[in-house]
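A.B. asks: Below are the chains, spelled out letter by letter.
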Amino acid sequence: MYLLLTLIIFSRLLNSKTPGEGEGRSEMWWRSASFIMDRQQQQNQGDSSNPNISAYYETRAAHHGVVTSDWLAQAQAAIGPEPQPQPQLSPDPDKPFSVIDQFNSWRKQPHLAEAVAAIRALAAVIRSSQATTMMQLEIELKKASDSLKSWDTSSISLTAGCDLFMRYVTRTSALEYEDFNSAKSRLIERAEKFGEISYKARKVIAMLSQDFIFDGCTILVHGFSRVVFEVLKLAAQNNKLFRVFCTEGRPDRTGLRLSNELAKLDVPVKLLIDSAVAYTMDEVDMVFVGADGVVESGGIINMMGTYQIALVAHSMNKPVYVAAESYKFARLYPLDQKDLAPALRPIDFGVPIPSKVEVERSARDYTPPQYLTLLFTDLGVLTPSVVSDELIQLYL
Amino acid sequence: MPDVQALVNDFVNLLKKRRIEGSQATAKQTAVLLRSVISQQRVPHTNQATVLINAVRAVGEQIIDVNPIELAVGNIVRRVLHIIREEDLSLVTDAVAGFGMFAGSDDEDDVERDDYPALSAASVAAAARSTSRPPSLQTLLEDVTDSAVVPPTPSSGGDSEGISRTLEKGSSGRKLKHDVIEAVNELIQDITSCHEQIAEQAVEHIHQNEVILTLGSSKTVLEFLCAAKEKKRSFKVVVAEGAPRYQGQVLAKELAARGIQTTVIADSATFAMISQVNMVIVGAHAVMANGGVIAPIGLHMVALAAQRHAVPFVVLAGSHKLCPLYPHNPQVLLTELRSPSELLDFGEFSDLMDSATGSGSLHVVNPAFDYVPPNLVSLFITDTGGHNPSYMYRLIADYYSADDLVVKQRPTTGS
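Residue numbers (our numbering), protein chains in the order written: chain D, 1 to 396; chain V, 1001 to 1415.
Example chain D residues on the side facing chain V (calculated, C-beta under 7 Å, incomplete):
1. S326
2. S385
3. E390
Simulated from the structure, these hints should not be mistaken for lab results. For glycine and all other residues, C-beta sits at the position ideal for the given N, C-alpha and C.
Put together the whole structure using the sequences plus the hints.
C.D. replies: Below, the structure is given as structure tokens:
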């Protein structure tokens, strides 16, 4: 399944990289199965991700991508002759240890958050470390954490997860454990249980949000967030009667994925194209969004379109609720969209784009805190002004 | 000594019949009742805090459901639960300190040292520290203890030391209950004296020759204005009469009796008068966690008028009115309907009313409270000083424990 989605991603890359190909004969050639196979082999031999494409959103697109019938036929024809082996989770013992390889293998699991994958990669660093003192271990972890963060600077939850774990390591060494080995095993144990903490965080957020979902309400959802889906799933399990409007979520089409999942739960769903948000905001009672990151001012960084929806909801007096785990709190203070490091992704317009036309390919936007009503986190229900207080307590 | 359940039933009856009016009186009566519950509760030698917490929580469930709109009842229940947790934590910290000294002085015994290879007094104190605070980013990766208190350290040594430890535990149980009752007494004293503490700040906010608008009647507002009068401030008060109960007329009478220049206006005259007003000072029924205010009916209109004319809107609220809940769907859930007799005379309209014979077409609605969103409030004045609406979460984090936000044992499914 992963190989299938990888082929689809590569096809989309091709589509955006060669927009000028208008001749029928050349177009037939680069859409053929043999060209896809050749292209994939070249990509594998290169072994380095394209610097223009954000690895974070590449993985998200792989998890959330919707398979069209055209590409499905092409990919099945391509896979048929030579099935590829599955990537191994455990690293090759001959190769030297690499924290980035560990992170990549954990990151590919669809239900695992990025921060959890980062912390588990750092736990692997602790496990394979030859250090004999806490200071030595901290230095090694610091190097591994810095290399992880610089590998994908556009991922905010990766940076926040690494910072949170490094902060915990610093405070653990300050507690003056009597034995180094017990401290080391404690660090490994806590890092391994962080995935469980993340899963519990979603449960806590879902429980906290139930009071705000009342019978007969209509909820607008943008983007596919695991936490928001957990909130809606628990409300459906509690026999609440509500309706969900999903935005289409171009170019990832995350709304199709979410509407499929909600339809399985027998929740009434209406799918909107992205420009239909203002048109339907009259019927909406509240907006629910997830967050890629929560910044220090209380604003959020989320999938492109969130800021636009928040502006519309604010002008029409609809509450905007954000469901986010607390480990996504990041020490960033953007004042506008350009303060963020760009996270680019390929965009498929369906037709070739002339080379003179510039395309905005940013994958996310920043929503200031004055447009957000409440944040549902595992620390409790927070107003946006609480976020800076939490971060001050952590890093002071 | 009367039975606890009889006391609870008496309190429930008073709440049902609305004999206790106002947040302050309700909060005080609730605190007195919970003090009786704590003093009559038998505590075992182990897990004293858990037994007290369960007793207070069981009584709290009964009295909160009687009048869900009277949020002061739930506030005081949560405050008392927080007090129990804090007192127990301070006792545990003292015990940990004593145990640390005991372990340090016994250098010759190697067996005792082997019993605690990984833990030290510092780590136990850190674990105890984390139980008192609400969940935060710092404690995200820490171990969470499910019990309300840190488990007691195992006793060691000979028989004589064991007997002395048993005596210490007995006195520790009684000391916890005594400390909790003392703290609840302080809470009752704070509720009683919150008027004076708020009134002390009057001179900082009311200036010479100002015109102040208020609506309805509030004892806190009355004391606040009279304190400014006593400090030789010369100002005028415009009182909206607060239909349909006309509590503003009561307030105007008291203000005039104390020599304050007073003008009475109808509620609908608020927008006409707001341009001449320098400040709006009002009381509140409850202050929600996001800084919104549950206030007497008509106050949302006053707040909108104040915002329209850039007049500061000041809310006076004692700390017992701080509610850790968030107003989800405030227009529907957080209001109380009062008797239609306050609006219409039954004798004149009884034939037209739809409630009497079922055939009439006249329906009367008399809501008691408004919800004022936090963006309309300029300043909160509590007994600890002036605060921004966005600062309310900090006060609430100081007064309440995170575990007590849901007082019920099991969350109800569905709405």
